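Here is how the chains run, residue by residue.
Protein chains: 2
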Amino acid sequence: MYRVGVDLGGTNISVGVIDENLNIIGRGKLKTNLPRSFDEIFSDIVKAVHMAVEDAGISMNDVLSIGAGTPGAVDLESGVVEFSSNLNFYNAPFKSELEKAFGKPAFVTNDANCAALAEKMLGTGKGVKDFIAITLGTGIGGGIFINDKMLTGVNGAAGETGHMVIQTEGIKCGCGRKGCWEKYASATAIVQQTKDALLKDNYKKSYIWNLIDNDISKVNGRTAFDAMRNCDELGTRIVEKYIYYLACGITNLINVFQPQAFCIGGGMSNEGDALLLPVVEMVEKERYSIHSSKQTKICIAELKNDAGVIGAALLNEI
Amino acid sequence: MYRVGVDLGGTNISVGVIDENLNIIGRGKLKTNLPRSFDEIFSDIVKAVHMAVEDAGISMNDVLSIGAGTPGAVDLESGVVEFSSNLNFYNAPFKSELEKAFGKPAFVTNDANCAALAEKMLGTGKGVKDFIAITLGTGIGGGIFINDKMLTGVNGAAGETGHMVIQTEGIKCGCGRKGCWEKYASATAIVQQTKDALLKDNYKKSYIWNLIDNDISKVNGRTAFDAMRNCDELGTRIVEKYIYYLACGITNLINVFQPQAFCIGGGMSNEGDALLLPVVEMVEKERYSIHSSKQTKICIAELKNDAGVIGAALLNEI
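Top line first, the protein sequences correspond to chains L and C.
Just so you know, we're using the working numbering here: the first sequence kicks off at 1 and counts up by one.
Just so you know, we're using the working numbering here: the second sequence kicks off at 1 and counts up by one.
Heads up, some of the hints might be wrong.
Just so you know, same-sequence chains aren't split out, so a pair can sit in one copy or run between any two.
As the list claims (entries may be wrong) - Calculated pairs, DSS-like style, for lysine-lysine (alpha carbon to alpha carbon, straight line, at most 30 Å):
#1 K178 to K200
#2 K178 to K294
#3 K294 to K104
#4 K294 to K100
Source of the hints: derived by calculation from the structure; they are not laboratory data.
Please read these numbers as outputs of a predicted model, since none were measured by experiment.
Just need the whole structure built from these sequences, with the hints factored in.
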């Protein structure tokens, strides 16, 4: 039997069919095309599922279940997306619509939880009972596992580590708070930090200008790291400050959870050791458990882009 | 059968014998008298246990188990206190020494976890699967329960919510970090905030000076609240800022955990609704799950001073 996973994002609807070995054997993809209503988006989700099933060369009869990850907070029992600020969903009956459309058991949860679930079952979290996985992307998402179970909280909205304030009265966040971690340590944050540094310091000589063809709109999450690798002083400074903020939030979470493993995923994790090693060094200096014989292992996610789809397909197991 | 609970603090060694109805039927108390070595303190713990057993009118043969709560991080399997900065313990073999001294099963964990366990089993956490209890005292301690189990982490040091940074580059904390929550929202913090405000603003007319007989060393955790209740402007301002910091950390934890209930204990919780209601109001405005149909219930701890002793006695149940 096969399972279908839907990864609904702000840009794409990505669908995968996975086999019993958890390999993706068929794919479907359509644009989310925001802003659209839930009904409009849902009809494209149905199309993308059929595309993936056809691509896999199977029929819907061979499909056991359908899981979906979506930005926002999902009531796990009802499968209703109670709200998603990114998609502008309020009380969208995602699970019941999936069950109606396909006549299969359906499961819906938060997208960051899906990616974390895949990492837990197939990546760095394999065999790790207490596990935290964060994704550094547009924001900071997170999935938390305690005793092998996903932490969902009373309302399915647990794991919003990105909305932990690390700077009271800091940068305003879309969630309404000020100083949320994701405003300092997401991929979006380092892009902004790079732009701010270039403009504020009016640092004409920085190698960053070469990297971006003197066009500040070309700054991305890699720019400062690339500049640092070219021994650029400004790039190094931006990266150091970014790492400081990243390590601050990770240390907060380790002081609270002391998990066996803490995994960093999402776009920024492609920096690998250039990101990981200085983060580990800072956390090791600061964590409360500095004298403990057992410590949290901090690592980079093994699963890359498919984590969301695979995790969604695995939702029937939790 | 009876159980013995030991609450080891920086000031007192408090021991209680509890019966099957979880009532304390005998007590023993000695001074901790810091600084002393673990061996010296331990011999007084043994004495205090015998005092409590005698006070209960039972014999050691009637005692099923002995549990102890201590500041610091405890390896739960070995029962070794790996470190306690307050008591200056390093690798103190607390559990094995208790077992040797009394020939009973012994259990050792962090003191804030003990208080939280008592609140979980007998107070506001009864029947609540996902539960967080914090204590606002010298620092901020915490105990976290997920699916009815205490979150201990890989090394027994989980739950250190007080050492979550809410202000990068903020006030220096004894743990080595800067800007820890407990530097802003513990009882110690509001004492400092009150003193700072009195000195900085040179606010000669504040009613606070009456409350403290013009002696700044008499400021305590209640002072600003008492002044506020007397419509004092400075007192009101201090309390509002304190509540802001307290709500900030609580919102952080709710955004990450979304527990069913969140309980505030420790000295500051004696302020009751004067503390609780404005905290709830701020958290309700800021939490990420603002549109969810189910929300964390925030409340004041029911158990007061005996929580540590009772929780320690209950450690054999977890």
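Status of each hint after checking the structure:
no.	hint	result
1	K178 to K200	both (22 Å within a copy, 26 Å between copies)
2	K178 to K294	between (34 Å within a copy, 24 Å between copies)
3	K294 to K104	between (44 Å within a copy, 27 Å between copies)
4	K294 to K100	between (49 Å within a copy, 26 Å between copies)
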